Structures are given as C-alpha cells and as structure tokens.
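Peer 1: Here are the chains, one letter per residue:
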Amino acid sequence: MFDGFTAETLARIQFAFTISFHIIFPAFSIGLASFLALLNAMWLKTRDHTYLALFDYWKRIFAVVFGMGVVSGIVMSYQFGTNWAVFSDKTGPILGPMMAYEVMSAFFLEAGFLGIMLFGRERVGNGLHMFATLMVAIGTLMSATWILAVNSWMQTPAGFVIGDNGQFLPQDWWQIVFNPSFPYRLTHMVLAAYLTTSFVVAGVAAWHLLRGRDGPVTRRMFSMAMWMIVITAPLQIFAGDSHGLNTLEYQPAKISAMEGHYQSHPDGAPLILFGIPNPAEKRIDYAVEIPKLSSLILKHSLNAPLDGLDKVPDDEEPPVTVLFWSFRIMVGLGFAMLGVGLWSLWRRWQGNLYGDHWLQRAAVMMGPAGFVAVLAGWITTEVGRQPYTVYGLLRTSESLSPIAAPAVGASLLAFIIVYFFVFGAGTFYILRLMAKGADGDGNTHDKGPLRVAVMESVKAQPGE
Amino acid sequence: MEFDLAFIWAGIIAFAVLTYVILDGFDLGVGILFPMSRDSGERGVMMNTIAPVWDGNETWLVLGGGGLFAVFPLAYSVIMPALYMPIILMLLALVFRGVAFEYRWRTERWRKVWDCAFFGGSLVAGFMQGVALGALVQGIKVVGRAYAGGWWDWLSPFSVLTGIAVLAGYALLGATWLNYKTTGELQRKMRRLARPLAAATLGFIGIVSALTPFLDPVYFQRWFNLPGSLFSVVVPSLVALAAWQLWKGLKHGDDLRPFLAALSLFILGFIGIGISFYPHIVPPSLTIWQAAAPDSSLSFTLVGTVVLIPMILAYTAYAYWVFRGKVRAGEGYH
Numbered sequence: 003m004f005d006g007f008t009a010e011t012l013a014r015i016q017f018a019f020t021i022s023f024h025i026i027f028p029a030f031s032i033g034l035a036s037f038l039a040l041l042n043a044m045w046l047k048t049r050d051h052t053y054l055a056l057f058d059y060w061k062r063i064f065a066v067v068f069g070m071g072v073v074s075g076i077v078m079s080y081q082f083g084t085n086w087a088v089f090s091d092k093t094g095p096i097l098g099p100m101m102a103y104e105v106m107s108a109f110f111l112e113a114g115f116l117g118i119m120l121f122g123r124e125r126v127g128n129g130l131h132m133f134a135t136l137m138v139a140i141g142t143l144m145s146a147t148w149i150l151a152v153n154s155w156m157q158t159p160a161g162f163v164i165g166d167n168g169q170f171l172p173q174d175w176w177q178i179v180f181n182p183s184f185p186y187r188l189t190h191m192v193l194a195a196y197l198t199t200s201f202v203v204a205g206v207a208a209w210h211l212l213r214g215r216d217g218p219v220t221r222r223m224f225s226m227a228m229w230m231i232v233i234t235a236p237l238q239i240f241a242g243d244s245h246g247l248n249t250l251e252y253q254p255a256k257i258s259a260m261e262g263h264y265q266s267h268p269d270g271a272p273l274i275l276f277g278i279p280n281p282a283e284k285r286i287d288y289a290v291e292i293p294k295l296s297s298l299i300l301k302h303s304l305n306a307p308l309d310g311l312d313k314v315p316d317d318e319e320p321p322v323t324v325l326f327w328s329f330r331i332m333v334g335l336g337f338a339m340l341g342v343g344l345w346s347l348w349r350r351w352q353g354n355l356y357g358d359h360w361l362q363r364a365a366v367m368m369g370p371a372g373f374v375a376v377l378a379g380w381i382t383t384e385v386g387r388q389p390y391t392v393y394g395l396l397r398t399s400e401s402l403s404p405i406a407a408p409a410v411g412a413s414l415l416a417f418i419i420v421y422f423f424v425f426g427a428g429t430f431y432i433l434r435l436m437a438k439g440a441d442g443d444g445n446t447h448d449k450g451p452l453r454v455a456v457m458e459s460v461k462a463q464p465g466e
Numbered sequence: 002m003e004f005d006l007a008f009i010w011a012g013i014i015a016f017a018v019l020t021y022v023i024l025d026g027f028d029l030g031v032g033i034l035f036p037m038s039r040d041s042g043e044r045g046v047m048m049n050t051i052a053p054v055w056d057g058n059e060t061w062l063v064l065g066g067g068g069l070f071a072v073f074p075l076a077y078s079v080i081m082p083a084l085y086m087p088i089i090l091m092l093l094a095l096v097f098r099g100v101a102f103e104y105r106w107r108t109e110r111w112r113k114v115w116d117c118a119f120f121g122g123s124l125v126a127g128f129m130q131g132v133a134l135g136a137l138v139q140g141i142k143v144v145g146r147a148y149a150g151g152w153w154d155w156l157s158p159f160s161v162l163t164g165i166a167v168l169a170g171y172a173l174l175g176a177t178w179l180n181y182k183t184t185g186e187l188q189r190k191m192r193r194l195a196r197p198l199a200a201a202t203l204g205f206i207g208i209v210s211a212l213t214p215f216l217d218p219v220y221f222q223r224w225f226n227l228p229g230s231l232f233s234v235v236v237p238s239l240v241a242l243a244a245w246q247l248w249k250g251l252k253h254g255d256d257l258r259p260f261l262a263a264l265s266l267f268i269l270g271f272i273g274i275g276i277s278f279y280p281h282i283v284p285p286s287l288t289i290w291q292a293a294a295p296d297s298s299l300s301f302t303l304v305g306t307v308v309l310i311p312m313i314l315a316y317t318a319y320a321y322w323v324f325r326g327k328v329r330a331g332e333g334y335h
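Keeping their order, the protein sequence lines are chains D and G.
Residue 3 is where the first sequence starts when you use my numbering, and the numbers rise one by one after that.
Residue 2 is where the second sequence starts when you use my numbering, and the numbers rise one by one after that.
Everything labelled a hint here was simulated from the structure, so no lab data went into it.
There may be inaccurate statements among the hints.
[Stated by the list, open to error] Stretch by stretch, here's where chain G covers chain D in the computed footprint (C-beta under 8 Å, at least three residues):
no., region
1, 72-81
2, 102-108
3, 116-122
[What the hints assert, rightly or not] Taking CB as the label site, the calculated pair distances span:
no., chain 1, residue 1, chain 2, residue 2, range
4, D, D174, G, K249, 39 to 45 Å
5, D, D312, G, C117, 57 to 63 Å
6, D, A406, G, L239, 40 to 46 Å
Bear in mind that the values here come from a model prediction, so they are computed numbers and not experimental data.
Note that beta-carbon positions come from the ideal geometry of N, C-alpha and C, so glycine has one too.
Start from the sequences, fold in the hints, and give me the full structure.
Peer 2: Here it is, written out as structure tokens:
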C-alpha cells in the first residue's frame, strides 16, 4: 500500500497522523476539566442544582474523552524513540527531563485523582471531591505547560551547547524551559483549548434548544459557553497576533510561508487574503491583497520592509501551500468565533439570548470549529518548522530511526485502521451522550457505571 | 561525596518499571481472565475492581518511557527501534483495552465487541511486554550510537517463552487480585484458577532462570561468582518462601495473602533480572554510565523526582484506600 514511500516520509506521516488524533482529545479535555471544576465549585457555593446536573452531564463525556486522550498519549511517549531515535539520542538530555516532569507533575496527578472525581463523591465527601476535581484540572494545565515547553524549545532552541557526541547538552534550564516562543505558544494553546470546549458546549446546548428541549440546565449551559466565548475569542486573537510577532522574530521563513510572501517587499508588504500558491513559479496566483497591511500588522508601520522567501535558501524553506491554507483556516475560524461571541452579546443585551434560532444554528455549525482551528494551527506551526526538527540545527531527515520502510509502513497502516475504528466508535458514543437532553429527558435509560452514582449524589444532597 | 547519578537513576527507573509491572500486571491480568466469566454482570464486577485505578497504573509505563528518554536517552533510542514491532503492537493493544473501560458501558449491542477488545488488548499487551523483555535479555546489536540489527531480531524461541511466562504471571496476579476484591462464586472461581496459574508461573520462572545464564557467559559469571552467587542462593529461597505462602493462602481461603505472595514472586523475578543485567542497561553493549545523559540533566530531573515520586505514591495509595474493600455485583462504585 505504501510502495514508493521512503522510511522518512512514512515516519513523518505516522507521527503527523498519531499526534493529530491525539491533540484533539487534550484540546477538549483541558477545557472540559476546568469547566467541570468551575461547575462543581458553583454547585457547592450556590447549591443550585442546575450546576450539579451540568457537572454530571459533562463528567460522562469527559470520562470517554479522557480515556481516548490517555491511550493515544501513551503512543506518543514511545514514538519519539521508535521512529525518531537519532532525534531522541541528541535531544534527550534537554527534552527528556521536561517530558519526565510532565509525567510526574501532570499525568500522575490527573490519573490519581480522576477515579475519585468520577466515582468518589460519596466516598470522600464534597470537599475532597472538589479537591480531586481541581487536581485533575490543574493536571491538564501542567501537562500543557511542559509539553509546550518541549515543543517551543524545538521551535526556538535556547540554553544549550552541542557536545562532542552530537548531543544537545543543557546549560541553563531557565532558558531552556522559558525559551523565546514558550509563553506565547502556551497562552495560545490554553486559550484554544478553552475556546474549543466552549464551542462544543455551546453547540450541544444550541442543538437541544433548537429541538425544543428548553430548560434551566440547557439555558445555563448555553449562557456559560457564550460568556466564555465572548471573553476568550478576543483574547485569543490578541494572543495569536503576539505569537505571530514572536515567530517573525525567530522563524521569519515560517511567517513568509504563512503570508504567501515569496518575494521581499522593501517598502511595505501587502496582506494576501486569498490566492492559489504556485510553488513551481514561486508566486501566489489570483492573489486578493490589501496593500501595505501585512507590514502594518507585523511591523506596525505601512512602509516597513518585509523579507520574503527569496531570502531563504530553497532547502531551508517550509512547504508554502500547506502553511498558506492552514493559517487562513485558523484565522478565518478565529474571526468567525469572535463573530458568534459578539452576536450572543448583542442578543443577551436585548434579553433574547435563548430565542434566536439563527444564533443557535450558528452555534451548532461552529460546534466542531475549535478542533479544526486547533489542528490548522498545529499544522501551521509544525509544518512551518520544516525541514528541521530542532529549528535551524537538526534536520528532520537526520532525525530518523534505522527502521526499514516496510516496518514503518505496516505500523502506519495498523495505526490508521485502529485509530479510525477505536476513536470513531468513541466519537459515536460521545455524540450519543450529547444527544441526550441535559434537562432530564432520556437520561434514565443510561446504564453506565456513573448513572447510579449520579442519582445517589443528587439524592444525598440536603434540600433535595 | 560524589553521587553516582547514573546509578541512582538506574535504581529509580528500575523502581518505575517494577511498579508498572506489578500494578498494570494485575489489571492486565484481569483482562486476560475476562473470558473465564461468561456472565456480563460478573465481567462488570471484574472490570470495576480496577476501573478507578487503571489509568494511574498505566502512567508508570509512561514514566518508564519518558524517564528513559530523560536520563538514558541513548538506551531509549537504541531499545525502541530494536523492539519496534513488539512496542507498536503493545501500544495498539493498550489502546483497545484502555477505551474498553468506558466504551463497554456505552453500548449494549457492541458490549461483546469491547469485552473482546479488553481481553485481546490485555493479552497482546502482556505478551508483547514479555517478548520485549526476552529480546532485551538476549541482547541488542549496537554500532556507534544506533541500533544495528534487523526488524525481526526480537523474535526468538526465548522471547516467545518469556512472552508466555509474563502472561502466566499477569494472569496469576489478576486471579489473586480478584480473589482479594470480589466475593461469592466469582471469588471461588478465581481461587481455583490461581493454583494452576501459580504452578505455571513458577515453572516458567524456573525455565527462564535456568536458560538465562547460558544466553551469555557474562550472565553466567554474574550468577555463579561472588558476590552474585550469594543471590543465587538467596533469591531462589525467597521464591520458594513466596510460593509456599501463596499455596497456604489459597488453601486457607485468605483474601489478601495470595495476592501479596504473587506480588513477591514478581518482585523477586525482577531482582533476578536486575542481577543478570547490572551494570548494563542494553545488554551486551551499553552500561548505565555509557547511556546516561549528562549530569546537568540527571540532577535537574532528580531534584523534582525526589519530591514528586513520594507525593505520587502517597496519593496513589490514597486512591486505593478510597476504593478499598470488596466490589459486589450491581454495586461497583454506584
């Protein structure tokens, strides 16, 4: 099936495939864990049962998402070694300790308290259960912190020397962890996770509102998600812009490819809105552009000079077509998200947040938008790092394991079949859980292990 | 005083791998024993004995991998390609069994499918871990800083033998765990199963121990010269003691003793492997000092580890304590 592909291409496809599947789950579970902690805290504080109902509703979905994230994540922790052995040997002294800290400070925390969060409310009482829920949420954020430090170091390496044996050796851990792109990347990703989750939650609530399953729980779900979108969407656009400026400073070739700037513009670069990249001729065909705007955004001056890919040797250029499109998809969705947020704010101000069917339809349509934007964003930054694994220092082609192409082809095929089967089924179960109304209709037939726990925890509360 | 950081780290990694083996050992064992019950409710009880803790158990595997990457990056980048197939198959198998914990409860029509996934995933994961161990004991070919063998080198009669041996051992851990955590007919069934599984496990320990010294003269020396030969007397005696406790515990119908005895067998087996290996991390080519990351990496990681590992052990113990006691049919964590 993969005849004619080199072992390098196959290994790259396999890594791209497995990590793309994987990132979908953390993007959702980071946001959902914080949402659950907030819901539980609000329930304990106000004793308003809609919060508890929402907690129990999203808890079941979280359990499935988290399980998928764990198993697809274990694969990642071994794949560095199986397929990128030279990379692992050379970067291990720097990246390894950060990944070890991720496991010890994040994965164990999540795993250790997840059981108590899911099953343990009656066993440990409300206080400790709240603590466990909070630990799971903190664990997901710690995990994001470490793994983004790792990724950022690969993009903007700092604080190291290269040893006689070819290894990157740590010199200053502060510089390694807080490398130049880390704060931007971390902020951008955590906001992305919160936005992704908000749109899923909003989409589910809107779906039920559209179907006439209106009720206090569904309304609260919709309202909370819309508030979150109003707050995070503009922050995300600001964070993305700052991240872009940081990338311009450290990885200008990536920015040129994203912008579609094959040529340098000594007196003000245009912003290319759309067009068809033509890598053979090194130009953008049918470009629709706004003069000088790119220089204004990136350099805060209309006539500032901006270098293009003509200043970069051909064998150091990232693939333009992929970046050009993935970047536009991400940015387009970002502005659409802001639009939904503003729309909801206007309706809320009018006192008609729950009556606008078109807002609800938009929310359902945009339900999966966060996942698409997250994937597009990661494709932009990772493909934009090519042809390097450690930017400017270690080429992807020199990072590979000594594994024959047929072996990698076989494992890639196995990953594709298993992932589509297993995570396809998981997505189906999640959609089925989401299809149940949050205001009580249809829930009584659920036979999951959480059901009785849910009912008993409701019963156990005073004032019920 | 100079600390030998590589030595300390070899100990920590060994501890992480051992913790993984005994913790995920019993929960993979529960999966391996799944077909022993045909009743869906009984299977639910079996799964519920491990549902709140399996995720934490499996995290030790991630620490084993991530820890190796951090402190012995050369060993990581040699072992992983050498064991490419068994590792990939183990990971895929763990995907199947991991999702089964939730999926099983989300469907009635497909419940049997996910029961199969849980069993098959546990079986293949356990077998591949054993195969990987066997292949590592046999030795890995290294040239320069890279693996220099083919992609089928891992497959040999010896590695298949260790694969089956680990399966028998995991099944024993699973059976004694279920004896500890369940009641009634299920508990009696597991207690009955534990005896032949114990016999098989001991038999495999004997065969593997007898074969290992002849795989490599170095192993022979380590076992039959001082100070290793002291262990050659002590370890087998302790194995005999554990086996006796296991047999007595099963005979008297004790809840906990058989499980603790089975754990002891695993710990002793692990110590045995350690004696064969030390000071190599990738036999016969790399010692722990050759594979170790520079001291700046080792000490940076160690500072957090000495704080975090005790905390992890504490809250893991707490989670086990929260979910202590018997799991009964239709009850679970409900």
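Peer 1: If a hint holds in the structure, say so; if it doesn't, say that too.
Peer 2: Hint check:
Look at the region 72-81 of chain D against chain G: 8 of its residues bring a Cβ nearer than 8 Å to a Cβ of that chain, three or more, so the hint holds. Under the rule that three or more residues need a Cβ within less than 8 Å of chain G, the assignment of the region 102-108 of chain D holds, with 6 such residues. A stretch counts as covered by a chain when three or more of its residues have a beta carbon under 8 Å from one of that chain; for the region 116-122 of chain D and chain G the count is 6, and the coverage holds. Here the CB-CB span from D174/D to K249/G is close to 58 Å, at odds with the stated 39 to 45 Å.
Here the CB-CB span from D312/D to C117/G is close to 58 Å, well matched to the stated 57 to 63 Å. One distance hint, 40 to 46 Å for the beta-carbon pair A406/D and L239/G, holds here, with the actual separation near 44 Å.
Of the numbered hints given earlier, the model fails hint 4 alone.
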